[in-house]
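Peer 1: The chain contents come next:
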Amino acid sequence: MQLQIKGTAAFAYTAAHEIDPSQRTVVFVHGAGLDHSWWGLQSRYFGYHGFNVLAVDLPAHGRSEGPALNSVGEMADWIKKVLDEKKIKTSSVVGHSMGSLVALEFAARYPESAEKIALIGIAYPMKVGEAFLDAARRNDTAAFDMETIWGHAPQVPFAGNPNPGMWMYGDTLARLGRLAPGVLHTDLVACNTYAGGMEAAAKLTCPVQFILGARDMMTPPRGAEDLIRKIEKSKSTRIEISGHSLMAEAPDAALDALIEFLRPA
Amino acid sequence: MAGLKYPGFDTLALHAGQSPDPTTGARAVPIYQTTSYVFRDTAHAASLFNMERAGHVYSRISNPTVAVFEERMAALEGGVGAIATASGQAALHLAIATLMDAGSHIVASAALYGGSHNLLGYTLKRFGIETTFVSPRNPEDFRKAIKPSTRLLFGETLGNPGLDVLDIPAVSAIAHEAGVPLLVDATFTTPWLMKPFELGADLLYHSATKFLGGHGIAIGGVIVDSGRFDWEKSGKFPQLTAPYAGFHNMDFEEESGTRAFLLRARREGLRDFGACMAPMTAFQILQGIETLHLRMPRHVESTRKIVGFLAGHSSVQSVMFPELESHPDYKLAKQLLPKGCGAVFSFDIKGGRDAGRKFIESLRVFSHLANVGDAKSLVIHPATTTHYRMSDEDLKKAGIGPGTVRLSIGLEDVDDLIQDLERSLAVASRVK
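Keeping their order, the protein sequence lines are chains X and Z. Just so we're aligned: 254 in the numbering used here is position 254 of the first sequence, and the numbers increase by one with no gaps anywhere. Just so we're aligned: 134 in the numbering used here is position 134 of the second sequence, and the numbers increase by one with no gaps anywhere.
No lab work stands behind these hints, which were simulated from the structure alone. Mixed in with the good hints there might be a few duds.
[Claimed, not checked] These stretches of chain Z come out as covered by chain X in the derived footprint (C-beta under 8 Å, 3 or more residues):
id, segment
1, 17 to 23
2, 52 to 58
3, 80 to 87
Even glycine gets a Cβ: it sits at the ideal position worked out from N, Cα and C.
Using the sequences plus the hints, can you model the full thing?
Peer 2: Written as structure tokens, this is what we have:
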């Protein structure tokens, strides 16, 4: 679905469905350098099971025009504008990695709009190593290598992909290779400098689900512990076989956790 | 960064795409000799059919053993994924059928395997897909042949049988300027000798029957997608970027981004054309891939010795091998194929067709048959076999003369091979 957000072209995948005002909505927010298709299986499921789906391409990602947004707060505001554009009052927001910070901040800033939030592969603070930042700043492909290797569980190169015939490393590298120069760096800086996590957590009024990969090297599960403690009534699902790319590495387990969480009471 | 390293080629050749079977602990890749897969319940079945969950439904579309082969090839080539096919020709057909409709046009190297030449030059014409053949030695010829309807540039990494080296960086740049992808047949080079994606190719395929298997016991093919060609930006491929009524109005690019080509190729191409790979074949080819990194250096080493022997032999008119300074692509080969130019090459025997026939019939270790890339050494006379449907003019364009003999150097003791060649050349030289 093509959108115009503040005069700039943007895109959200809707699983080939029009927005139905009578249905609940789920917004999917991708991580650094990625795009809506990262959610391929999961967003498609909800789109075909009674939900409005908006798997967005953040500005400068996928099919959305740039420039990239500089902070998690700006991204959260942008998500609100997407909902406003489609006249959607409330939505669940599912975020992965950088997108999970966006979901967290969105729910804190717009509690009246946030029905539920699912935080996948989250850590707070989401500190990014200087070498990673520096490589991304220089648009050095070493940054792509870091995102690819740290973004998957160590066994991924030696294990079968649940999606037959696909090579996860190659897919991540190809996606990152399509980015405009500087976009990955902007995303990483946004993650690295986001300082409102605990404050946002304190403001939450909606149900929260954590979905964490036990073998995550990018945002190890221990990095979410403070947030989990802070958000008393949150639920956590730990997927033992998965690294940071839970939607690709453990698509069924990630989907099942989301189905359970987003199912209407 | 310390510790930040991709697994090496040799490790991927043995492990990519497979971990020990979780049920039995089997270390080797199990042969899942099954047509179909039991659904957990009706909801699970529906989710698999609607691509909401990953998994296998029916072995024409995907199979766990075949998937290991596919993923391993994608890993070795650096692609986003791969699709195994019934043969190399099926892989070429699948690529074209996925990207083109009647009215589309291809610009292809004239130095192609005879079967590919037939498909492009004759068979596809019947379905409204035209091909212009150009010299692979002049990339600008590709540019000149491009029309508004052109949807693909195509060549072999090493042309068959003259070993023309395709200037992939130059040809891919021309393709990308025209908004179309470059597809290469990488059969002769294998991922051990060349990584076409690193040079600019967008799609590649192999006849897995050849060096990948290496044993000459299984026919198969595989197409690999780099995932780097932006179909949406090109604007020339509604097959991937517009809703398709034949698959629930799916827009494949919107649905899957980097995986759009493979998604349509699998979900439409394997579904409708059905040229899939059997699980036993995948298993057999995987056995070959596990030693590819050991076999290829030996193939290359023996080939170099035999090329040296033939190049200095009085009964040999010429040897076509890009590692020889006399080959027109000598410099390009040094640049693109630093590890070697493979193990298939041609030479012209003095005495023409009759001498060639006598030579082939005198060989004892070399097997006279229509294949290459076997562990066993092979020989054939292209003008009367693999390329026999080509006109004299096309044969000339492809660098094939009446006395051209093609050799595929295997893994036997190289001294035995040289002795076999020497004795047979002596017999052939007596033909008047």
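Peer 1: Please go over all the hints and tell whether each is borne out by the structure.
Peer 2: Taking the hints in turn, this is what the structure says about them:
| no. | hint | result |
| --- | --- | --- |
| 1 | 17 to 23 | holds (count 3) |
| 2 | 52 to 58 | holds (count 5) |
| 3 | 80 to 87 | holds (count 5) |
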